[in-house]
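Given only the sequences and the hints, what does the whole structure look like? Please build it.
2 protein chains.
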Amino acid sequence: MPIKDMLKTPGQWLNGSGEESEIILSSRIRIARNLETRRFTHNAPNEELAAVLEQSRSAANETAALKDSRYLDMGGVSTLERQFLAERHLVSREFLFNSSNRGLVVNMSEDLCLMINEEDHLRIQAYSSGLELAKAFETASRLDAELAPQLKFAYSERFGYLTACPTNLGTGLRASVLIHLPGLVHGKEIHKLLDSLRQLHHSIRGLYGEGTDVMGNFFQLSNSATLGTPENVIIANLREMVVKVIGFERRAREMLFHKARSLLEDKVWRAYGLLRHSRSVSSKEALSLISAVRLGVGVGLIRDLSTRTLNELLVYIQPAHLQMLEGEPMEPGERDVARADLIRKTIADSANHQED
Amino acid sequence: MPIKDMLKTPGQWLNGSGEESEIILSSRIRIARNLETRRFTHNAPNEELAAVLEQSRSAANETAALKDSRYLDMGGVSTLERQFLAERHLVSREFLFNSSNRGLVVNMSEDLCLMINEEDHLRIQAYSSGLELAKAFETASRLDAELAPQLKFAYSERFGYLTACPTNLGTGLRASVLIHLPGLVHGKEIHKLLDSLRQLHHSIRGLYGEGTDVMGNFFQLSNSATLGTPENVIIANLREMVVKVIGFERRAREMLFHKARSLLEDKVWRAYGLLRHSRSVSSKEALSLISAVRLGVGVGLIRDLSTRTLNELLVYIQPAHLQMLEGEPMEPGERDVARADLIRKTIADSANHQED
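Chains as they are written, first to last, in this note's numbering: chain A, 109 to 464; chain B, 109 to 464.
Each hint can be trusted.
It does not matter which identical chain is meant; a pair holds if it fits inside one copy or across any two.
As a list, the in silico DSS-like pairs of lysine-lysine whose alpha-carbon atoms are at most 30 Å apart:
| # | residue 1 | residue 2 |
| --- | --- | --- |
| 1 | Lys367 | Lys453 |
| 2 | Lys296 | Lys392 |
| 3 | Lys367 | Lys392 |
| 4 | Lys260 | Lys243 |
Hints were generated in silico from the structure; no laboratory data involved.
Next comes the structure, spelled out in structure tokens:
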């Protein structure tokens with residue numbers, strides 16, 4: 109099945125459902141595992157990587173969790189398509205630069221996938237819409253439990269699961285949420301919050317993970333420690349932290365709504381007007397406009413758009429998605445025009461649909 | 109009849125009709141006259157000004173040209189109302205600061221008025237939509253001819269009509285057009301044009317005349333010389349100049365349309381989106397947005413709005429108009445909100461009307 113079929117539907121985890129979905133776009137669990145008798149990916153020669161790939165793929169094939177899935181050999185996938193997969197958060201940037209002997213198994217609803225020969229031999233990723241860390245953890249764990257008997261994982265009694273980078277040692281678990289914090293950003297409270305989170309051993313980053321810019325007030329909030337804390341405690345701690353941040357964000361939104369109502373309304377509706385009418389828009393501006401409109405939907409100012417539509421737009425306005433939709437490569441200027449077209453049509457359709 | 113009744117309809121000269129009305133909003137003729145036996149306004153004591161006012165008003169009363177008109181004694185008119193009249197281009201800024209013994213006679217369609225005791229004893233002003241200088245001159249001259257037999261005008265065989273300021277000496281005639289030049293401004297050709305016009309003894313100024321900023325790419329283009337050239341030649345010269353400028357503007361618009369189409373479309377539609385949705389907008393920004401949308405209507409990109417609607421908006425979004433509509437004084441911040449409301453409603457009504 110060609111990759112471009114994936115264009116037809118967005119990942120399940122964007123559908124705007126789940127707890128606190130106004131503020132939390134999605135929850136993600138990532139589990140890192142390595143095969144006991146193999147060298148880590150960055151140290152392994154090609155034939156060893158090929159063996160890991162073959163072995164892991166066969167094992168994945170036997171699982172119920174990935175029964176209804178597609179397999180993508182990165183070596184046979186174009187750079188544009190790999191970019192497309194990265195935009196869907198299915199593969200990491202690692203896969204953009206290294207494709208030989210790398211593979212991805214992803215289920216049809218895109219809430220579970222397995223990267224093979226990323227930084228670790230196996231990276232299980234599970235996604236869920238809203239604040240649903242436990243649900244995503246359950247999905248990821250089911251696959252982990254099905255793979256374990258088939259593939260002997262590198263494990264030490266003292267350290268737990270062994271990983272290529274010591275920051276993942278122990279549980280190999282990274283739990284994260286994609287969180288939208290326009291209230292805290294506008295209220296200028298975000299820097300204080302980021303500092304506190306870091307002190308409390310949580311990390312907060314831009315939309316596309318490590319080293320990426322914060323755009324549109326979207327952040328990834330995740331645990332930093334993986335060693336010495338059981339999985340359920342890591343997840344409970346993160347959840348507790350996220351619930352606190354949600355509380356701060358809600359308070360900041362209420363302040364905006366009550367103390368700067370007309371400023372807020374103006375900001376939100378200007379963004380709506382620009383999204384609905386502009387003919388050329390950069391990624392960065394689009395994210396910022398979508399952020400403002402998403403806030404407007406969240407506080408009830410805009411009623412003819414859903415959180416789901418906006419979440420999906422966040423993915424489809426990205427460069428590789430636009431080019432896959434168009435069916436051919438486009439220069440940045442052409443993409444800006446295509447992006448504006450897509451946004452306009454999506455919002456107009458959504459508005460008409462709501463009016464029905 | 110209270111001044112606020114004037115709010116109900118805009119001046120006739122805004123109706124978007126007449127020659128070249130896409131580019132020329134309106135034509136205006138102003139004729140300065142003084143009474144022979146009286147000192148100029150700035151030199152006359154109060155009782156003399158009162159006599160000029162009484163004499164001129166009675167004379168105006170006898171004319172057919174001002175038969176269907178209202179008389180406003182500036183001394184009995186509030187500062188806000190005088191600002192309102194200035195926004196309608198019926199009185200000059202002179203009347204904002206001096207109101208005692210000043211008067212205005214204005215006909216019901218607001219295409220002819222007479223200021224009494226402005227810089228000169230009499231200032232006849234006639235307006236017409238589009239490039240219709242001859243029509244406006246005819247209207248003004250009819251009143252001039254009706255007043256002349258009743259009021260002996262200060263006149264010298266050598267200089268012609270005597271005026272308080274030597275720049276108006278001779279014919280006392282100032283002919284001007286309100287012209288919209290977004291193409292030339294965007295194409296950066298405007299400064300070259302302004303220099304040439306000055307060399308050719310024409311003056312070009314901002315929307316509200318002498319000393320006002322250029323906003324929204326709206327300009328007033330008028331003759332500088334009043335002495336030694338007959339009225340019909342002054343008007344023919346100005347017309348010739350205006351026709352040339354229109355040609356330049358058209359060429360600049362075509363360049364934009366053909367060489368930077370997507371940039372132009374984006375600019376125009378962004379302005380439309382902001383006008384249609386923003387909740388707070390300053391005068392300056394509104395003028396700039398209306399200018400872009402007016403260009404969009406002119407080049408056929410926007411079809412659900414008329415030049416007339418936009419011309420009228422230019423007048424109604426002004427501070428005194430907004431406060432008269434609201435029925436009470438407003439702070440600048442409140443005016444920005446009221447301005448955005450008015451624009452939004454006007455554009456939505458117009459769009460619905462066009463869709464019918």
